[in-house]
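As you go down the protein sequences, you meet chains H and Y in turn.
Residues in the first sequence are numbered from 1 upward in steps of one, following the UniProt record's numbering.
Residues in the second sequence are numbered from 1 upward in steps of one, following the UniProt record's numbering.
Hints are computed from structural coordinates only; laboratory data are not their basis.
The beta-carbon is built from N, C-alpha and C at its ideal position, and this holds for glycine as well.
A few of these clues could be false.
[Unchecked claim] Residues on chain H that point at chain Y, a partial pick, calculated with CB under 10 angstroms:
hint	residue
1	134
2	217
3	220
4	438
[As the list claims (entries may be wrong)] Simulated crosslink set (DSS-like; lysine-lysine; CA at most 27 angstroms straight-line):
hint	chain 1	residue 1	chain 2	residue 2
5	H	475	H	392
6	Y	51	H	246
7	Y	81	H	246
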Amino acid sequence: MRIDAYISEFARKTPQSIALEDSKNSVSYGCLEKDISDIALYLKDFKRSRFTILAESGIQYIKLLLGVYRSENIAIPLPIEFPRFNLERILDSAHVNNIITTDTQYSRFGKNFFERFGTVIVTYNDMSVNILRKDIKDETNNPELRLVLYTSGTTGTPKGVMLSDRNLIANGESIIGVLGITSEDKGALVISPHHAFGNSILNSHLMAGGSIRIGTMNFMNSVFNLIGSGVSIFYGVPSTYRMLLKYPDSFRQAFTGVRTAASAGGGMDKSIVKEIRELAPWLEILPMYGQTEATARLAYVPAEDVDKFIDTIGKAIPGVTLDVFDSECRSVEPNIEGELVARGENILLGYLGDEIATKSKVVNGWLHTGDLAQKLPNGYIRLLGRKDDIIKIGDHRVNPREIERYIEENNRVSRVFVVPVSHELMGTAISLMVMPAEGTEIEALYAFCRKNFPGYLCPREILFIDHIPLSENGKISNRSIIEEYRHVKNSM
Amino acid sequence: MEQIKNCLIDYLKANSFMDKDTHLEDSDSLTQNGIIDSIGLLELIDYITEKYSIEIPEEMLTPENFDTLQGISNMIQKLAK
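Based on the sequences and whatever the hints tell you, model everything.
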C-alpha cells in the first residue's frame, strides 16, 4: 500500500472532510484525491523515475509529493531553506533528470538553475501545469524505493536516505498509535515538510483521515492564530517551542484547545517543559526521538513519565526494537555505555548511490544510530553523546569537522574550528575560532557563511586564535575546541 | 522613511542572507526570497525594538508588517510616533 491509497479511501468514505488547510484555503479529501490524480496524469509516461520536488512549504508541495507517489515514481524533495549552492550539491549527488516545481520557485531560482534537467514541469496554484521539457530516461532504481530524504548537504557529501512505501506506512502507523491520532485530529505543520519530521506529520495525519494545518514559524501572530484555529496536536522541534514561549500570553491563549504538544529533532530540556507546564497545564507533552534513517521516529517518552524521564528518550515506539550494543555488536546490560541500535519496518533501504555507507549503517538488520546510550533498569534509554563528532545546531545534525574543512578550503585562513555555543532560541548555535593567514578578513568569512550555509550555521562570532586547540593527548575534538574557546573568552 | 529603510538594509546586509550587491525592492518578500528566516526575524524584532525604542504588540507580528521593507518601515514609523 502507498500513502496516497489512504487518500483514495478517505475520498470515498468521507469526501467532504478537510485534509489540508492553510491560512486562506482548505482542501477536502475528495478534492485532494482529484488533484493528485491530475498531477499523476502528467507523469504517467515515466516509469519509476526519480523526480525532484522544488516547492515552498504549503498545500501545493503536498499535492506534488502525493502526485509523484500516485504516478508510481520516486520523490526527492529539496530542502528549500538551503542556499542554492547546497541544493546543487544534492542534485549532483542524486543524479536526477526530472524536476517538478511551483511557479514561485521557478521564478525565484531562474531559468539557468533548471537547465541541468531533462524534464521540467512547472505547476501553478490553480492546478494548471506547464511542461517546459520532457525527456524520459531509463533509470535503475531499488524496486521498493519511493522517497529520498536528504539528511545533510550543507557541506561534504549529501546523504540521500532511501525509503520505501513499507517504511513510510510502518512508521506512520506507529506514530498514530503513540499519539492516538484520529480523523478528528488537526495537526499543525509549521516545520519544514521536506525533512523526516515534517514528512511524518503529513503521513500520520493523512493515514488517520485527519487534517493538517500548514504554516510557517516566520510571523508569530500568524503562528498563534494557526494554533488557535482548532489544532489538536502541535508539533515542533525544541527551538520551535523556545520561540513560542517568548510570548507567554499568546502561548497560553493559543494552546487553550490543543491536547498534545509533540516534539522531535532534539532533546526537550527541563526548562521548556517547565514553562509549558506553567502556561498550559492541560497540555500533554510528548517528546519523541528518531532519525531520517528510521523514516522518522524510533522512541518516545510516555506523557505520564515526562517529568521524571525528560533526560531520556523513553522507550521504542510500537513496531520498533531498540537495544544498546558494544563494539562487537553484542547487547549490553543496563547502565553500560554502547551504541543505540534499532530494528523495525521503518529502517531505511539504504543511502542513494552509497553502498559503503549503507553497509556500515545497517548491520544484520540493525540500524546503527551513531548515538551513544545506556539502558536504564526500567528499559528506558538515555543518550550519552555521539560516536562521531556530530553535534546538534538549531536542532539539525551537523558535522563540525566538515564545516571547518569547507571554510578552510574556500577562504584565506590557516585553520578554522567550529565551537557550539548556547543560543536563546536555537538552543545551540556556532561560533568560529580562526587561525588567520595572510589576508584573512572577518567580514569575508561572515559573508561566505551567509552565502553557503543555512541560517542556523551562520557564526554568532568569529575569534582569532594563534594555536591549534589540542587536547592533552594531542587530538582535536569538540571538547578540546570548547575548552580553548572558554579559555579565550575568559582572557578577553 | 528613507532613513529607516536604509538602516534596515544595512542591518539585513550584515545579519541576513542578503548579499552586499543584492538590490531589494520595497515590496519584495524577505521570507520568500530567502533573505531572512524565522529566527532571523525574531532577532530583527529585538534590533528594531531597541534601536527605535518601541514596543511591538504581538498582534502586529504579521506578514503585512514584517515581510517587506515597506511594511517594516511603515510599522516603525507608526509606532515611533
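Check the structure against each numbered hint from earlier and tell me which ones fail, lowest number first. Of the numbered hints given earlier, those the structure breaks are 1, 4, listed in rising order.
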